[in-house]
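Protein chains: 2
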Amino acid sequence: MKVAGFDIGGANTDLAIIDFEDGEIKEIKTDFEYLPMWCENDRLGVTLVDLIEKICPIDEIDAVGISMTAELVDAFETKTEGVRDIAATCEKLFDVPVGYIGLSGVLSLEELINNPIDVAAANWKATSQIVAEIEKDCIFVDTGSTTTDIIPIKNGEECAKGRTDFERSATGELVYTGTLRTNLTSFVDSIPINGKEYAVASELFASTADVYNVLGLIKDEDFVCATCDGAGKSKEDSARRISRVVCADLDILSMDNIIEMCHHIHNMQVKQIAKGLKQVSERENLDKVVVTGLGKDILCAEAAKLLNLDVKSMGDYYTDEECVVAPAIGTALMMKNSIL
Amino acid sequence: MKVAGFDIGGANTDLAIIDFEDGEIKEIKTDFEYLPMWCENDRLGVTLVDLIEKICPIDEIDAVGISMTAELVDAFETKTEGVRDIAATCEKLFDVPVGYIGLSGVLSLEELINNPIDVAAANWKATSQIVAEIEKDCIFVDTGSTTTDIIPIKNGEECAKGRTDFERSATGELVYTGTLRTNLTSFVDSIPINGKEYAVASELFASTADVYNVLGLIKDEDFVCATCDGAGKSKEDSARRISRVVCADLDILSMDNIIEMCHHIHNMQVKQIAKGLKQVSERENLDKVVVTGLGKDILCAEAAKLLNLDVKSMGDYYTDEECVVAPAIGTALMMKNSIL
Chain L
0 MKVAGFDIGG ANTDLAIIDF EDGEIKEIKT DFEYLPMWCE NDRLGVTLVD
50 LIEKICPIDE IDAVGISMTA ELVDAFETKT EGVRDIAATC EKLFDVPVGY
100 IGLSGVLSLE ELINNPIDVA AANWKATSQI VAEIEKDCIF VDTGSTTTDI
150 IPIKNGEECA KGRTDFERSA TGELVYTGTL RTNLTSFVDS IPINGKEYAV
200 ASELFASTAD VYNVLGLIKD EDFVCATCDG AGKSKEDSAR RISRVVCADL
250 DILSMDNIIE MCHHIHNMQV KQIAKGLKQV SERENLDKVV VTGLGKDILC
300 AEAAKLLNLD VKSMGDYYTD EECVVAPAIG TALMMKNSIL
Chain D
0 MKVAGFDIGG ANTDLAIIDF EDGEIKEIKT DFEYLPMWCE NDRLGVTLVD
50 LIEKICPIDE IDAVGISMTA ELVDAFETKT EGVRDIAATC EKLFDVPVGY
100 IGLSGVLSLE ELINNPIDVA AANWKATSQI VAEIEKDCIF VDTGSTTTDI
150 IPIKNGEECA KGRTDFERSA TGELVYTGTL RTNLTSFVDS IPINGKEYAV
200 ASELFASTAD VYNVLGLIKD EDFVCATCDG AGKSKEDSAR RISRVVCADL
250 DILSMDNIIE MCHHIHNMQV KQIAKGLKQV SERENLDKVV VTGLGKDILC
300 AEAAKLLNLD VKSMGDYYTD EECVVAPAIG TALMMKNSIL
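Protein chains in written order, with numbering that gives the first Met the number 0: chain L, 0 to 339; chain D, 0 to 339.
For reference, chain L alone in the conformation it holds in the complex (with noise of 0.2 Å):
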C-alpha cells in the first residue's frame, strides 16, 4: 500500500510517499514545493495533486496524511480559520482516506473541525514517531527553511512541555528561525567588518539563504525560496542583498568583507539556536541530541556541538532528502498506523 503524508507549511509544502509491503517500509519518495501561503493559498489544492503526480498516478495512493504549520500565516485571521480552510481545501482532493496529525493522534475531519487548534503547527508530533525509532531518549533538533523544533523525547514519546507554537515560543522548543527564508535582522544586531561593528538596517534586503549559499553550505536546489529582492540566486546576487544589511553596495564592500560578514551572521543562528537547546536540555536533562531538516548539519550540529551535547543524525539512516522532509515522513507513517 502507498501512503502519501502532507507538511503543508506557511512557505514550502512537502511530500513523502511511502510504499509499504508487509507493514514494512519498501520505499520512500519525496518532493516538495516552495508555496507562500500567505498570498498564493488558492493553489493549495492543485500543488497537493502537481506534487503526488509527478511521483506516481494519484490512483496508486491509498491513504492520505496531513501536517500543517500554514495555518499562522497571516492570510488567516486566526489559527482555527486556517486549520478549517486548509483541511476544506484537502476534503475535496482525494477519495482515499485522509487524516490530520494533532497531537492527540490521527484525526479525521470531524474530529478536526471540533479541535481545530489540536491540528495547528503539530507537524513535529510526526518527526517525532521517527525520530523515537532512532534514539529513545534525547532531543530532535529539526531545522527547516524558517522554523527549528527542538523536542524532547523520553521512552520513545515526545515531552515537549509546550504544546502549541506560542507555548512552544516562551520554552525554548520552537526557535522561529531557518536555514533559507530568516531575516537576517531578526538575530542579528550588528556585523563586524574589519574591526568595526555596522549596525544592521531594519528591513528584508536580504535572508539566510544568501548567506549559506555565499558560504556554499547550500546546494542551488536547496534555495528554494523567492529572493527578497527579486533577482537572481547567484553568489553575487546574494553577496549585493547582503551588504545593503549594513547600508553598503558592492561598490563599497570586496567579496572578502560580505565572506567575513556571513561567517558572523552563522554563527550568531548557531548561538540563536543553541540558546533553546540549551533551555530544553537542562530543563529535560537530556545530552543526545538527534539533527534533522535542511539545516542538520550547518546549524543542528553546531549547536548541539556548541553544548558538547552528543549528536546523531537522521542522515545516518535516512537519505539527505527524505531528512529535508522528515514532517511529511513522519505523517506517512503516522497515518498509515492509524488506518491498520
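Among the hints, erroneous ones may be present.
Because identical chains cannot be distinguished in the list, a pair is counted as satisfied if it fits within a single copy or across any two copies.
Straight-line distance between alpha carbons at most 27 Å, and here's what the computed DSS-like set of lysine-lysine pairs gives [unchecked claim]:
1) Lys195 with Lys274
2) Lys195 with Lys160
3) Lys270 with Lys195
4) Lys304 with Lys135
5) Lys232 with Lys274
6) Lys311 with Lys287
7) Lys195 with Lys153
These are calculated hints, taken from the structure and not from any lab test.
With the hints as your guide, set chain D onto chain L.
Showing chain D alone in chain L's frame:
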C-alpha cells in the same frame, strides 16, 4: 519666491514649499505621500508633480531642491545607479533650477553625475541647517517612519563622523529604526507576557506602526505605511498582527496582553535609539539634544531622558506637520540659499 524641497525616501516622499519674502520665511506648506520606491519607483515623477499641485500651481515654484535616501532600495543594484536614476526622473519635471543636497552642499545635475555618492542619503545634512539655528551645539535626533538620524552639531555646523549610511551605521549616527515601518523582530528578541518570555517569530507579521497605533501614540493620519497583512488599520487589526509575532492570535491573547507587549516593545525601541545617542554623546561630549520627526516625543525625547540629556523639541519652533518633514524644509532652505 517659492522654493520646493523634496525628501525622497525609500517609503515616503516628503514635500515642503517655502514662500520667502525679502529673504525671510513667510509661510511653509507641507505634504507627503507613501511611495514604496522598491516596487513603484516608476511613479516618482507623477508623485512629485502631484504633491506640488496639491499645494499650488507648479508654475508658481521658482526652484526645486532634492534630498534622497531612496537610492538604497533594492530596485537599484548600487547607490550610484539609484542616485542617477532618481536625478534623471527629477530633471525631466521642472523648468526652474533644480539642485541636489549633498554632503558638500547643493549640487547641480552635472556635479551629481560626477559624484553621486555625495548625494546618497544626505538628507540629514539639510535637517542640520534648521537645527543649528535652534541650538549651535547639540545632537539632533530625527526619528522618521523608518530610520533615526543622530547627528552632532558644533558651532552651528554638523560634524557627523560617518559620511555615508554605511559609515554612520558604525558611529551610532544612523540607527535603522523608525516609528512606522520597522519590523518588531529587528529590535526585540523576546517579549514577556504574564511573567514568561516568548521568543519572537522571524516574519514581517507586524511593524512599529501597529504598536503605536494600539498605544494611541500616533494619530490615524500618521499611519501612512502599508500594513503587513494588507488588512485594516483599526486597533484590533494592529493587535491581531502583533499577536502573530509570538505565534499567537486573538483567540489566545487578550487586548490587555497585547498592550503589555506593546509597552515592552516601545521600551526596547527607546533603548535601541538611546544606544546610538549614547555613543554620539560620549564621543562628541555633547549633552543637549534637539528632537524632531514623527517619533520626536514618543521615541527621541524618551531616549534622551533615559540618558539624562537636556531635550529641546523642534516642535517648540515648528508645527508638528513641519517637524515630520524637517529634511524637506531644510532642503528648501539650502536650495534657496544656493541660488541667491
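Consistency of the hints with the structure:
no. : hint               : result
1   : Lys195 with Lys274 : both (26 Å within a copy, 16 Å between copies)
2   : Lys195 with Lys160 : between (41 Å within a copy, 14 Å between copies)
3   : Lys270 with Lys195 : both (21 Å within a copy, 21 Å between copies)
4   : Lys304 with Lys135 : within (20 Å within a copy, 55 Å between copies)
5   : Lys232 with Lys274 : neither (31 Å within a copy, 36 Å between copies)
6   : Lys311 with Lys287 : within (8 Å within a copy, 58 Å between copies)
7   : Lys195 with Lys153 : between (46 Å within a copy, 25 Å between copies)
Hint 5 alone, counting from the list given before, is not met by this structure.
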